[in-house]
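*Asks:* Sequence:
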Amino acid sequence: MQEAVAIRVSEISRRKWKQRCHFVRGGLSMLYEEPRETELAFKIADRIISIQECDGGYDYSIMDEHYREIDGGVYDDPAVDINFVLLSIVEELKENPDTNRAKGNITKESKLIPLNYDEVAEQADIANMAGPAVYSSRVIMEFKAKTEECFQPIDGLGATEIEELVEEYVTSKLSENDFDASGRGVVISGSRCRGLEGKASDLDVVVELSGDESEDDLFNLFHEDNFKIGGVPVDINPITKYKSGTLEEYLPGVEKYLEEKYQKASVRKKLKEKKSEIRENDEKADKDNKKKSENVR
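Just so we're aligned: 115 in the working numbering is position 115 of the sequence shown, and the numbers increase by one with no gaps anywhere.
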């Protein structure tokens, strides 16, 4: 009896489905079309890609290793095979610059590793329930921890509550004006985050965004309403990866600036205290001299 050997042939094109050819030694015995796939999930480098058939095409998401969505959309051609969509997305990620952080560590040599679609979808749901993706690296967590210690509440609101309000404002402004950008993280910066503010100090907040919009256009958008919290003007500073850098890259510079500001303020305070001490000593000496003069008389 001749032994059958199955060979899988993946032929991705706009009009052809994958086929499985069964060959028997000496000739072809059968050729048939395999069931059409409607869901796929793969890992590539530090990114996860999920694709699902939907009305009008395919819905896809590109996530980080924590299943937090970075990019996504709809591939609006239902006639193509889902594998064609996958390879198109991967080719786009490999060949083009990383303009919105979707590419991550993907290189031309990166390989696709199949994942269970249902498990990926479940993990993505859990990640989405936890809130928007803020890259809580050690840099950001330490920066925010110091802010929590030093921040003076505004209208009864703490640092975290204010960051949430700013995030809501930014999201609404982007949506209302159809800006191609999405928030990556919100962090209070400037003098107020270290308790160095004056009575008239603004509330400085840095917001990292992804997308194709320029930082200048984003800045103008966020300042057109003169947004305030508790009567305090909010100065929103938008940053992007390819200009000012990510929050992880940007915040160390802010920390250095604030430390220098603290040191200068500390020096000024010491000088002021020293001058006050000298003045008090001089006044005391004058009083002592007057008493001596009076005693001599």
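You may find that some hints are simply not true.
To be verified - The calculated DSS-like cross-link candidates involving lysine-lysine, where the alpha carbons are at most 27 angstroms apart (straight line), are:
#1 Lys43 to Lys111
#2 Lys144 to Lys43
#3 Lys146 to Lys43
#4 Lys243 to Lys261
#5 Lys144 to Lys261
#6 Lys108 to Lys243
#7 Lys261 to Lys146
#8 Lys146 to Lys241
#9 Lys173 to Lys94
#10 Lys241 to Lys43
#11 Lys111 to Lys241
#12 Lys241 to Lys173
#13 Lys94 to Lys144
#14 Lys173 to Lys243
#15 Lys287 to Lys264
#16 Lys256 to Lys144
#17 Lys243 to Lys256
#18 Lys111 to Lys199
#19 Lys264 to Lys94
#20 Lys94 to Lys146
#21 Lys144 to Lys287
#22 Lys144 to Lys243
#23 Lys111 to Lys94
#24 Lys199 to Lys108
#25 Lys228 to Lys173
#26 Lys144 to Lys173
#27 Lys228 to Lys199
#28 Lys146 to Lys256
#29 Lys94 to Lys241
#30 Lys199 to Lys264
#31 Lys146 to Lys199
#32 Lys43 to Lys108
To be verified - Simulated restraints on C-beta separations:
#33 Ser214 to Cys54: 31 to 37 angstroms
#34 Gly156 to Tyr257: 24 to 30 angstroms
#35 Gly230 to Glu149: 19 to 25 angstroms
#36 Glu122 to Glu95: 30 to 36 angstroms
#37 Glu37 to Pro233: 19 to 25 angstroms
#38 Lys108 to Gly231: 31 to 37 angstroms
#39 Gly230 to Asp76: 23 to 29 angstroms
#40 Leu112 to Tyr257: 41 to 47 angstroms
These are calculated hints, taken from the structure and not from any lab test. We treat Cβ as the ideally placed atom computed from N, Cα and C, and that holds for glycine.
*Asks:* Can you list which hints this structure breaks, lowest number first?
*Replies:* Hints 2, 3, 9, 13, 15, 18, 19, 20, 21, 24, 37, 38, 39 not satisfied by this model.
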